[in-house]
Amino acid sequence: MSAAHSRRLEDATARLIEAAARGEHNAFEALYREHVGIVYALCARLAGDNRLAEELTQQVFVRAWQRLSGFRGGSFRRWLRRIAVRITLDDRRSHQRRRARVTLGETDRPIDAPDPCVAPDGARLDLERAIARLPPKARHILVLATIEGWSHAEIAGFLGVAEGTSKAQLHRARQLLQEALS
Amino acid sequence: MTPDDLDTRLAELPRSVAPSRDLWPDIAAAVEPPTTRWWRWAPPVGGLLAAAAVLWGFLSAPPAPLSPPDWAVQMRLANEALEATLMARDDLDSAARAEIERNLGVIDQAIAECEAALAEHPDHPDVAKALSLAWSSRIDVLAGVIGTHP
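Residue numbers (this note's numbering), protein chains in the order written: chain E, 1 to 182; chain P, 1 to 150.
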């Protein structure tokens with residue numbers, strides 16, 4: 001894409017955000033169409049469950065709509081992705097609380113493996129499934145660090161863990177993935 | 001599998017994945033009061049036909065300088081932004097672009113006629129409704145293409 005097209009796209013997104021923040025639903029629908037893929041991919045990988053990811057994606061856009069007036073510029077994609085991470089991890093915590101009320105003492109384990117994301121090839125499908133089967137904490141840190149490009153300091157701050165914990169979980173996740181894919 | 005192989009495969013994962021269904025209707029229901037979506041009840045083609053029928057009686061007079069209402073300005077803004085978003089895509093071939101532009105051209109003609117009629121009859125509710133339907137049709141076309149080319 002040329003620089004001119006990129007600028008035009010940024011301008012278009014900025015204008016859509018302004019219009020949506022004023023309550024223009026058509027503009028917000030356009031923002032949804034443009035960004036749903038990145039939000040859904042992130043939710044699906046963090047949650048490890050495609051059906052749940054669809055529900056979470058809907059929640060992300062509803063939350064974004066409610067908070068659009070608080071958007072202070074910068075990268076809309078990044079803002080949206082942080083909402084997605086927050087909502088997905090909060091859902092995970094409430095899922096754990098619900099389960100703890102039912103089954104005391106059960107250790108953390110991955111939720112059911114998902115149906116495949118759109119999978120054009122077997123290798124990618126294997127990798128997506130292997131990520132989905134990781135223990136949740138390791139999966140979250142792998143996705144944030146490796147796929148989303150967050151630093152360990154960012155992850156530690158966001159998740160409320162020590163940086164060393166983030167690094168150790170990433171190391172564990174990578175080992176588990178290598179074993180699963182060998 | 002070596003660590004480098006794993007890094008390579010992780011780096012190749014797509015950042016964007018389309019969900020298996022359109023999630024917008026449920027989102028729209030959550031964010032949009034039903035009363036504001038009256039214009040979506042009519043399908044786009046029916047909307048254009050209605051616009052054409054309403055316009056029939058208003059096109060004899062020459063258009064006066066246009067001063068669109070706020071909602072029309074907002075719909076134009078949304079359309080411009082959607083179109084810019086779509087045209088910035090590099091995954092549309094020239095035939096697809098030509099088809100889109102041809103469809104938009106038909107709607108643009110209806111919009112121009114509606115705006116001319118609205119300039120002559122700024123308080124006529126049917127003219128305003130026809131213009132809104134035409135703009136909505138344009139949004140549907142653009143959003144539809146964006147939605148099918150994620």
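Watch out, some of these pointers could steer you wrong.
To be verified - Sample of chain P residues at the chain E side, in silico, Cβ under 8 Å: (1) 1; (2) 24; (3) 28; (4) 31; (5) 85; (6) 112; (7) 116; (8) 139; (9) 141.
By construction, these hints were calculated from the structure, which means they are not laboratory data. Ideal Cβ placement from N, Cα and C applies to all residues, glycine included.
How the hints compare with the structure:
1. 1: 5 Å, holds
2. 24: Holds, because the Cβ-Cβ distance from residue 24 (chain P) to chain E comes to roughly 6 Å (cut-off 8 Å).
3. 28: Because about 7 Å separates residue 28 (chain P) from the closest Cβ in chain E, which is inside the 8 Å limit, the hint holds.
4. 31: 4 Å, holds
5. 85: 5 Å, holds
6. 112: 20 Å, violated
7. 116: 23 Å, violated
8. 139: 5 Å, holds
9. 141: 12 Å, violated
The structure does not agree with the numbered hints 6, 7 and 9 stated previously, though it agrees with the rest.
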